[in-house]
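Undergrad: For reference, the chains in residue letters:
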Amino acid sequence: MNLTLHVWRQKGPNDPGRFETYPATGISEHMSFLEMLDTVNEKLEAEGKEPIVFEHDCREGICGCCGFMIDGKAHGGQHKTTVCQLHMRSFKDGDELTLEPWRAQAFPVIKDLMVDRSAFDRIIQSGGYVSVRSGSPQDANAILIGKEVADRAFDAAACIGCGACVASCPNAAAMLFTGAKITHLGVLPQGAPERFRRVQAMTTQMDMEGFGYCTNHGECSAYCPKGISLDVIARMNQDLLLAQVVTRDEVRREGGE
Amino acid sequence: MILESKAPKGDIQTAWDRHKFDVKMVNPANKRKYTVIVVGTGLAGASAAASLGELGYNVLNFAFQDSARRAHSIAAQGGINAAKNYQGDGDSIYRLFYDTVKGGDFRAREENVYRLAQVSVNIIDQAVAQGVPFAREYGGLLANRSFGGALVSRTFYAQGQTGQQLLIGAYQALMRQVNDGKVKLFTRTEMLDLVIQDGHARGIITRNLVSGKVERWVADAVVLATGGYSNVFFLSTNAMGCNVTSTWRAARRGALFANPCYTQIHPTCIPVSGGYQSKLTLMSESLRNDGRVWAPKNPADGWDSSKGKVGKDPRQIPEAERDYFLERRYPTFGNLVPRDVASRAAKKACDDGQGIAYEGRGVYLDFGDAIQRLGKDAVGERYGNLFEMYERITGDSPYETPMRIYPAPHYTMGGLWVDYNLQSNVPGLFVIGEANFSDHGANRLGASALMQGLSDGYFVLPYTIGHYLAQVGPRGKSTEWDSFKQVEGEVTERTDKLMSIKGKRSVDSFHRELGLLMWEHCGMARNAKGLSLLLQEIPRIRAEFWENVSVPGTPGELNQVLERAGRVADFLEFAEMMALDALEREESCGGHFREEHQSAEGEAERDDEKFQYVAAWEFKGVGVRPELHKEALDFRYVKPSKRSYK
Chain H
1 MNLTLHVWRQ KGPNDPGRFE TYPATGISEH MSFLEMLDTV NEKLEAEGKE PIVFEHDCRE
61 GICGCCGFMI DGKAHGGQHK TTVCQLHMRS FKDGDELTLE PWRAQAFPVI KDLMVDRSAF
121 DRIIQSGGYV SVRSGSPQDA NAILIGKEVA DRAFDAAACI GCGACVASCP NAAAMLFTGA
181 KITHLGVLPQ GAPERFRRVQ AMTTQMDMEG FGYCTNHGEC SAYCPKGISL DVIARMNQDL
241 LLAQVVTRDE VRREGGE
Chain Z
1001 MILESKAPKG DIQTAWDRHK FDVKMVNPAN KRKYTVIVVG TGLAGASAAA SLGELGYNVL
1061 NFAFQDSARR AHSIAAQGGI NAAKNYQGDG DSIYRLFYDT VKGGDFRARE ENVYRLAQVS
1121 VNIIDQAVAQ GVPFAREYGG LLANRSFGGA LVSRTFYAQG QTGQQLLIGA YQALMRQVND
1181 GKVKLFTRTE MLDLVIQDGH ARGIITRNLV SGKVERWVAD AVVLATGGYS NVFFLSTNAM
1241 GCNVTSTWRA ARRGALFANP CYTQIHPTCI PVSGGYQSKL TLMSESLRND GRVWAPKNPA
1301 DGWDSSKGKV GKDPRQIPEA ERDYFLERRY PTFGNLVPRD VASRAAKKAC DDGQGIAYEG
1361 RGVYLDFGDA IQRLGKDAVG ERYGNLFEMY ERITGDSPYE TPMRIYPAPH YTMGGLWVDY
1421 NLQSNVPGLF VIGEANFSDH GANRLGASAL MQGLSDGYFV LPYTIGHYLA QVGPRGKSTE
1481 WDSFKQVEGE VTERTDKLMS IKGKRSVDSF HRELGLLMWE HCGMARNAKG LSLLLQEIPR
1541 IRAEFWENVS VPGTPGELNQ VLERAGRVAD FLEFAEMMAL DALEREESCG GHFREEHQSA
1601 EGEAERDDEK FQYVAAWEFK GVGVRPELHK EALDFRYVKP SKRSYK
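Chains as they are written, first to last, in this note's numbering: chain H, 1 to 257; chain Z, 1001 to 1646.
The shape of chain H in the complex, shown without the other chains:
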């Protein structure tokens, strides 16, 4: 089949950027969306033109590298599917598609469809971990964790950090991403000692990065390729509220205030 692509081209963060139109011809329905872009790029390359820049690596929907908007939908909008796993049989001959990068103040465009998501790394750096050293912790089975709790932690931990939640949110909020890590570690006994410190540090960092606030649209979860539930945001807000009480208490005990 043949398609027409309107692709956002931007040389760098300071270039205003513009749409350019490319034909995608002789496309097989078995191709993934990125393989379709490969064929467009290979033609551009052979003509000595600069190919369209997009981020990708594993092409199995797990590394979290890929992602851009197709007709305004993150990853193209197919349920629980990253763009690398989206296949051309979802489209039809003659389709015109518009490809844009994630749009968010906290994700500046690097080039074309590639954005800088290092803000996510800095949110994790601020407290998204359990403070243990490599060495000899207690035997793994010494910590009993009921299956329900383990499953809840796992569901939240399935986040791949692709940024579709931010791109889909009208406020460009990173609450699904941040809430997922806070829930993953917060519900587990291993993460309990740092639970309140963690939520405060991570939400502070999230605000500093310039992400917006949650106004309960639910677009983040709807477009999340891993189906992370909105519950993680509720959990984060609950922990944040509790933290204000609990940490004040701790400070008082230590002779502050």
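The hints are simulated quantities; they were obtained by calculation from the structure and are not laboratory data. Watch out, some of these pointers could steer you wrong.
Stated by the list, open to error - Okay, derived cross-link-like pairs now, DSSO-like style, lysine-lysine, Cα gap no bigger than 30 Å in a straight line: (1) Lys1497/Z to Lys43/H; (2) Lys1502/Z to Lys43/H; (3) Lys1307/Z to Lys49/H; (4) Lys1504/Z to Lys1477/Z; (5) Lys1009/Z to Lys1620/Z; (6) Lys11/H to Lys1502/Z; (7) Lys49/H to Lys1502/Z.
Stated by the list, open to error - So the derived list for chain H, only partly shown, Cβ under 10 Å to chain Z, looks like this: (8) Glu50; (9) His56; (10) Ala158; (11) Asn171; (12) Leu188.
Because the structure is a prediction, the values reported are computed rather than measured. Using N, Cα and C, we set each Cβ at its ideal position, and we do this for glycine too.
Dock chain Z against the given chain H, drawing on the hints supplied.
TA: Showing chain Z alone in chain H's frame:
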């Protein structure tokens, strides 16, 4: 050159403990005087960088992706082995050691393997303490499963995302050290060369992938954790960015490359669907627990290239016209034979004209019986997420019609030669994880890659690197040394050369050409004729690449084509060493199957008398025959025997 393993002598069970006591240690107050470069942020790299940071070293950590969390370890599905014996089914460190040596077809160093089995139990403790959400039973204990035909249930897992969860655990530990300032992390930065000063590895040259800036980094030691080279085949289950560049650049600077011909072909991947294909997707090995592998007996029911489809819908083929070739050839193990055996059997069926899928390269994996026996729901519970993934990619539902599968390159056992301390023959250059020639011998068992990466990074390297650093002591560091100037000059010159060719062919077209040839002649089955042909063809492709490749844009900006061009240029050199190694190893062992060396029934024939050694190759120049060095292998505990799965 004499290759000394430096493995402790005497009783193997106490060897690692004795060694840890015998190694020199760095005074805690002195650790901050040392800087260590770690290249890569996969399981091995991230765990090593985090652990070294915790110990007090200054760590410079590099990743070519946009975040440390993207490394390809993330894609591992099945699980991680550990000799915990939580199931009480008779597992032990010794049994895991035994299984790994045997599974590796007696081509690994016993002492390393024993240590790996020992340390495996610590990895699970460490990961759980970090909050890695492994599968659990209702009572709260960790769950296990049996994997890859093992006789005990020793595999820990987190649904089909074990690699992701373990990597995120290591990534979080790494982020904590970044926050503490002990690790400086440089993402979107690719290592392009190694700098050796006075015979010791002292630094690297990198290219900033956003600005294109070439930079110099000096340190007291360099650790490579840069993964394997399956992408030499172009199509593999590896991520698009996986490459051989850092290990090959180190090899060019004098590090020995060991056993490059040992590659693992995973039997259950989704077949190629067309010439545009960019990568292959693995379907977990666990599918073979309930799926039955078959091909049509009648070639006319297989792939018909004139029509571009199969001759007959598999559901219309009656039982009597199906060839369950694994069950037929291996009645005892049936569909659960090890990876190399299953892969070769599928290839043979396709070579015999029974193939299905694009160009006759595929066989069926059928769940019809399982669904009848267990019900659709029970099958869905076990494999539901894999079936969904398959349907997303192929458009077919495995509940309705048999899956199509075909083997694909997946993991490489070969890598830079290292001693027991994980140090290469170049002092100060350490190599960990898949990048080294590893503990897996000629074939890796399922759920052992995660184990080795984390073992090296969390529990082995942090001790052994101290031994080296304590011996050399704190030294002066400068990026102004002539060695840096010279290597940087060479890197820039090479980049300029790539940019100046302005040819007519895309980088990928060369990569694809090389990959297809390697897959044909140095893939699942190899013979002298094909390998000799490769040794003629590779230099030809390489010569054309350097005359006719097209790299648009400029080097001083983000340029993905330039990144790929550099990697493909290195594959074009490395492939020759790989083919030569395969040609010289005149035996069949593990993932290396030489057609000349098989029994009348088509089973692999090892030659312990002549080939019970590690082949470590010394680079002598592009297009010049490398020099072979041998490390003889001694089996004091597990006596070499013939693998049989009949």
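Undergrad: Determine for every hint whether it applies to the structure shown.
TA: Okay, the hints, checked on the actual structure:
With a CA separation close to 22 Å, the supplied pair Lys1497/Z and Lys43/H stays within the 30 Å bound. A hinted pair counts as satisfied when its Cα atoms are at most 30 Å apart, and Lys1502/Z with Lys43/H qualifies at roughly 15 Å. A hinted pair counts as satisfied when its Cα atoms are at most 30 Å apart, and Lys1307/Z with Lys49/H does not qualify at roughly 36 Å. The straight-line distance between the Cα atoms of Lys1504/Z and Lys1477/Z is roughly 44 Å, outside the 30 Å bound, and the hint therefore fails.
About 33 Å separates the Cα atoms of Lys1009/Z and Lys1620/Z, which puts this hinted pair outside 30 Å; it is violated. Straight-line distance between C-alpha atoms of Lys11/H and Lys1502/Z comes to about 21 Å, which keeps the hinted pair within the 30 Å bound. Using a Cα cut-off of 30 Å, the hinted pair Lys49/H and Lys1502/Z holds, with the two alpha carbons roughly 11 Å apart. With 10 Å as the threshold, the beta carbon of Glu50/H comes within range of chain Z, its nearest partner Cβ sitting at about 5 Å, so the hint holds.
Nearest Cβ of chain Z to the Cβ of His56/H: about 6 Å, under the 10 Å cut. The hint holds. With its C-beta approaching chain Z no nearer than about 7 Å, Ala158/H sits inside the 10 Å limit, and its interface hint holds. Because the closest C-beta pair between Asn171/H and chain Z is about 23 Å apart, greater than 10 Å, the hint is violated. About 5 Å separates the beta-carbon of Leu188/H from the nearest beta-carbon of chain Z, less than 10 Å, and the hint is met.
The structure fails hints 3, 4, 5, 11 (numbered hints given earlier, in ascending order).
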